[in-house]
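Colleague: Take a look at the letters that make up each chain.
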Amino acid sequence: MPYLLILPSAVAIGLLLAWPAIQLAVYSFQDYGLPQVTGAAPTSWVGFGNYRLVLSDPEFWSALRISVLFAVVVVPLTLLVGTLVGLLLNRLGRKMAAFVSTAALLAWAMPAVSASVIFVWLFDPDGGLADYLLQKLPSWLGGGARWSQFSWTNAPLPAYTVITLVVLWQAFPFVAVSVLAGLKTIPAELHEAARVDGAGPWRVFWKVTYPLLKPIFLVLLLLSVIWDFGIFTQAYIVTGELGNRDEFNLGILAYDKAFTMPPAYGVASALGMVLTVILLIITAGYVRANIKQGAVA
Amino acid sequence: MNRTKRLRAITRNGVALVVALVTLFPIFWMISTAFKPATEIYSLTPHPLPAHPTWSNFANVINGSVIGMPYWTFLRNSLVVTLSSVVVSSAMALLAAIAVARFRFRFRATYLIMLLIVQMLPQQALVIALFLDFRAANLLDSLVGLTLLYIAFSLPVTIWMLRNFVAAVPRELEEAAAIDGAGPFRVFFRVLLPLVAPGLVTTSVFAFIFAWNEFVFALTFLGTDTAKFTLPIYVTYFFSKGSVDWGAIMAASVLFTLPVMIFFLIVQRRLRAGLLAGAVKG
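Each protein sequence line maps, in turn, to chains Z and D.
Take the first sequence: its position 153, counted from the start at 1, is 153 in our numbering, and no numbers get skipped.
Take the second sequence: its position 6, counted from the start at 1, is 6 in our numbering, and no numbers get skipped.
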C-alpha cells in the first residue's frame with residue numbers, strides 16, 4: 001500500500017530529476033556537441049578530457065571566484081539583516097508586526113524575474129533612480145557628478161552589487177520569519193531572567209537566544225549558501241542575458257556552454273557537475289542537520 | 001523609567017516603519033513607473049508619483065503593440081502550465097505524504113532523504129540533460145513538457161511540507177470512522193481530506209508560486225516559439241526588443257506580478273505557517 005502511494009511521485013522525480021542528474025554525469029565524460037546531437041557523429045568517451053578543459057579555462061576560475069565571493073558576501077548579509085528584522089518583529093505590537101511581515105513576505109513572493117527587472121530599472125544609467133540620488137548626495141558621502149549615467153552592468157563589481165541587493169531584498173524575509181518562529185518557542189522568562197541578571201541585549205542574544213536557535217540558524221545558513229552559490233535568474237538578467245562574459249558565475253557559464261552556439265554539452269555537463277558536486281557537499285550538511293533534528297524519523 | 005520605555009517603543013516602531021517602507025519601495029516604484037508617460041520616465045528629475053498618470057503603458061502591453069503579441073496569449077500559457085501542474089503535483093504529493101506520515105515501510109527514510117537531496121540539485125545544470133531528453137522526446141516548445149517539469153520539481157518541497165499536515169491529523173479519528181464501518185475511501189474523503197485541506201492549500205500556493213515564477217526551464221524549453229512563452233519569459237523578452245521601453249516593461253511586470261501578490265495576500269496567514277513547516281522543522 002505505501003509503495004503504491006509513493007509510486008507516482010517517485011516515478012516523476014526519478015524520471016525528471018534523478019535520471020537527468022545521472023545523464024549529466026555521463027555526458028561530462030563524453031565528447032558531446034552539435035555533430036552528436038544531429039547524429040552526424042557518434043558520442044565518444046573522452047575520460048576526464050572535459051574536466052581538464054574546464055580546469056585550464058581562465059573563464060572557469062573567474063566564474064568560480066565570482067560564485068564563491070558572492071556567497072561569502074550575500075549569505076552573512078542575508079542572515080544578519082533577516083535576524084535583526086526577526087528580533088525586531090518579536091518585540092513589535094501585533095498590528096505593526098503584521099504590517100512589517102506582510103511587506104517582507106510580499107518581497108519574498110515577488111517573482112525573481114520581476115525583482116531583477118525592477119532593480120535593473122532602478123540602476124539604469126538613463127533615468128534610473130539610483131544614479132539620480134547618488135548624484136544628489138553630498139560629495140563627502142561619496143555622491144557627485146561621477147554617478148551621472150553610471151553604468152552598473154558593465155563591470156562585475158557594480159553588477160554584483162545590484163544582484164546582492166535583489167537577492168537580499170528577496171531572501172531576508174524568509175530568514176526573518178524563520179527566526180521569529182524560533183523566538184516564539186523560547187519562553188519569555190528566559191530572556192527576562194537574563195535581563196534581570198543585568199545582561200544587555202548583546203549578551204542576551206549570544207548567551208540565550210543564539211544557543212536555543214542554533215539548529216534554525218544552521219539550516220538557514222546551509223539553505224542560503226545553496227541558493228546563493230547557485231544563483232541564476234537574477235544574475236542572468238542583471239548581467240545582460242549572457243552579454244558580459246567577465247560577469248559569469250558558475251551556473252551561467254555552464255548554461256552558456258550548453259546553449260550558446262555551437263553547443264558544447266560535454267564541457268557544459270562537466271561544469272554542471274562541478275556546481276552539482278559543490279552543492280551536494282553542502283546539502284550533505286543540510287541533510288545531517290535535518291536528521292539530527294529528527295525530521296526524517 | 002517609564003519615559004525611556006516609551007522612547008524605546010517609539011524608536012522600535014520607527015525603525016519597523018522604515019524597514020517596511022524600504023521593503024515595499026521597489027514594488028511601489030514598479031507600479032508608479034508603469035503609470036508614467038515616457039516624458040516622466042526619462043525625466044532628469046524623477047518624481048515618486050506620476051504627475052500625469054496614464055494607462056497607455058498597459059494598453060500597449062495588453063494589445064501587444066510592443067512585441068507584436070497581446071498579453072492574453074502569455075497569461076493563458078502561464079495559467080495553463082501553472083494550474084495543471086499544481087493540480088497534478090498536489091494529488092501526487094498528498095498520496096506520498098500519506099504514505100510517509102501513516103505507514104512504516106522499508107525505504108521510507110531513503111525516500112525522505114532522497115527528497116531533501118534532489119530538491120538541491122541545481123536546475124541550471126539539470127537543464128542541460130533535460131534539454132537533450134526533451135529534444136529526443138519532441139517536447140521542446142511544448143507547454144505539456146514544461147508542465148511535466150513543474151510537476152516533478154515542485155514535488156520534493158510539497159511532499160516534505162504536506163507530510164507534517166497529514167501527521168498532525170489525529171489517527172484516532174480515522175480509526176473511529178473505520179470502526180463505524182467506513183471503508184478506506186470513505187475514511188479518506190470524509191475524514192482525512194477535509195482535515196488536511198488547509199495544508200493542501202498551503203502547499204498548492206507554493207507549487208503555484210514556483211510554477212508561475214519559474215524562469216530557467218521556460219527560457220530554455222520555449223526558446224524559439226514566441227506564442228508559447230509564459231509570463232516570466234515574456235517580461236524579459238522586452239529587453240531583446242532593441243530600445244528598452246521601461247514603461248512597457250514595468251506595466252508587463254505589474255500584470256505578471258499582481259495575480260501572485262493578490263493570491264498571496266489572501267492566503268498569507270496560512271502560508272507563513274507552511275513556510276516554516278517546509279524548511280525549518282524545529
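If you're looking for bench data, these hints aren't it; they were derived computationally from the structure.
Worth double-checking, as some hints may not be accurate.
Claimed, not checked - Computed cross-link-like contacts, DSS-like style, restricted to lysine-lysine with a CA-CA straight-line distance of at most 27 Å:
(1) Lys-207(Z) with Lys-184(Z)
(2) Lys-207(Z) with Lys-136(Z)
(3) Lys-207(Z) with Lys-228(D)
(4) Lys-184(Z) with Lys-292(Z)
(5) Lys-184(Z) with Lys-214(Z)
(6) Lys-228(D) with Lys-184(Z)
(7) Lys-136(Z) with Lys-214(Z)
(8) Lys-5(D) with Lys-95(Z)
(9) Lys-292(Z) with Lys-207(Z)
Colleague: Please go over all the hints and tell whether each is borne out by the structure.
Modeller: Hints, one by one, checked against the model:
Only pairs whose Cα atoms come within 27 Å are accepted, and Lys-207(Z) paired with Lys-184(Z) is accepted, the gap being roughly 17 Å. A C-alpha spacing of about 44 Å is found between Lys-207(Z) and Lys-136(Z), which places the hinted pair above 27 Å, so the restraint is violated. With a C-alpha separation of about 56 Å, the suggested pairing of Lys-207(Z) with Lys-228(D) is violated against the 27 Å cut-off. Restraint check for Lys-184(Z) and Lys-292(Z): the C-alpha separation of about 21 Å stays at or below 27 Å, so the hint holds.
Distance hint between Lys-184(Z) and Lys-214(Z) is fulfilled; the C-alpha atoms sit about 14 Å from each other, no more than 27 Å. About 46 Å separates the Cα atoms of Lys-228(D) and Lys-184(Z), which puts this hinted pair outside 27 Å; it is violated. A threshold of 27 Å between alpha carbons decides the hint, and for Lys-136(Z) with Lys-214(Z) the separation of about 43 Å lies outside it, so the pair is violated. Our distance criterion of 27 Å between C-alpha atoms is met by Lys-5(D) and Lys-95(Z), whose separation comes to about 19 Å.
Annotation: proposed proximity of Lys-292(Z) to Lys-207(Z) holds, straight-line Cα distance about 22 Å (limit 27 Å).
Hints 2, 3, 6 and 7 from the earlier list are contradicted by this structure; the remaining hints agree with it.
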